[in-house]
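In order, the protein sequences belong to chains U and P.
For the first sequence, this note's numbering assigns the number 1 to the initial residue and increments by one for each residue that follows.
For the second sequence, this note's numbering assigns the number 1 to the initial residue and increments by one for each residue that follows.
Keep in mind that the hints are not guaranteed to be accurate.
The list that follows gives simulated cross-link-like pairs (lysine-lysine, DSBU-like), each with its CA atoms no further than 30 Å apart [claimed, not checked]:
1. U:K4 - P:K27
2. U:K61 - U:K24
3. U:K44 - U:K24
4. P:K27 - U:K24
5. U:K44 - P:K27
6. U:K4 - U:K44
Output of the computed footprint for chain P on chain U, the stretches with three or more beta carbons under 8 Å from beta carbons of chain P [claimed, not checked]:
7. 12-19
8. 31-40
It should be emphasised that the hints constitute simulated quantities derived from the structure, not laboratory data.
Where is the CB? At the ideal position from N, CA and C, for every residue including glycine.
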Amino acid sequence: MAAKTPVANQIRRLRFESGEMSQKALAEAVGVTRQTIVAIENAKYAPSLELAFLIARRFDKPLEEVFWYQDTDAPKGS
Amino acid sequence: MSQSELRSLIALITWLPLYTGFAIYLKSQIAWAGLETSEALRSFAQAALVVVVLAILLAIVLEIGGSILYAIITGESQPVLSDERDRLLELKSMQAAFIAFGLAFIAVLAGLAFGWLQPLAALMTLFFALAASQVLAVAIKLALYRLGA
């Protein structure tokens, strides 16, 4: 099993709050594969800054409300 | 399964028989052992070139065939070819393959330097080390995909 990245996120919750958006729909919206979204949601992969911004923009949220560093800060939105 | 993962899987199950077949062919050409070194090297180089051309043609066919197969399986007409995670996994697997080939290269150099290997055997070892590192790269990439890295 791959090690977890310290970059946590709340994409899963945001997807459900956005009309139960599917992983595939989010992946298509930001131009990556569904597997990449799965890996990000499970904290198996830390996205690039550009992809992180794209995902945050898709949910109309600031970056720090979608992603945060697990060991230091909690998300402002939670 | 992403398109990159599917292409890697197809490549793995296609390259292995190609290189294994070439190794079996070489074994059947034991008559080379009696040839002069330069003649034997030329014969091996000619056979290896054919395999390299075959591998390139196969890679092109796999690229097209993989896209078509993926479209049929998923029903997606315009899939994302590869994204940043695919490229990262590609880099990790290529790094491992480069290290493996580097070690084989040093071993061959040592073999030549100490007289353990003849030039033809050294060239063959290098060729198969390159092929093995290529297969290793694909295998590592597949393993990373399966682990969800």
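Do the hints match the structure? See the list:
1. U:K4 - P:K27: violated (47 Å)
2. U:K61 - U:K24: Holds. K61 (chain U) to K24 (chain U) sits at ~20 Å (cutoff 30 Å).
3. U:K44 - U:K24: holds (18 Å)
4. P:K27 - U:K24: violated (50 Å)
5. U:K44 - P:K27: violated (45 Å)
6. U:K4 - U:K44: holds (5 Å)
7. 12-19: violated (count 0)
8. 31-40: holds (count 8)
In terms of the numbered hints stated before, the structure departs from hints 1, 4, 5 and 7, listed from lowest to highest.
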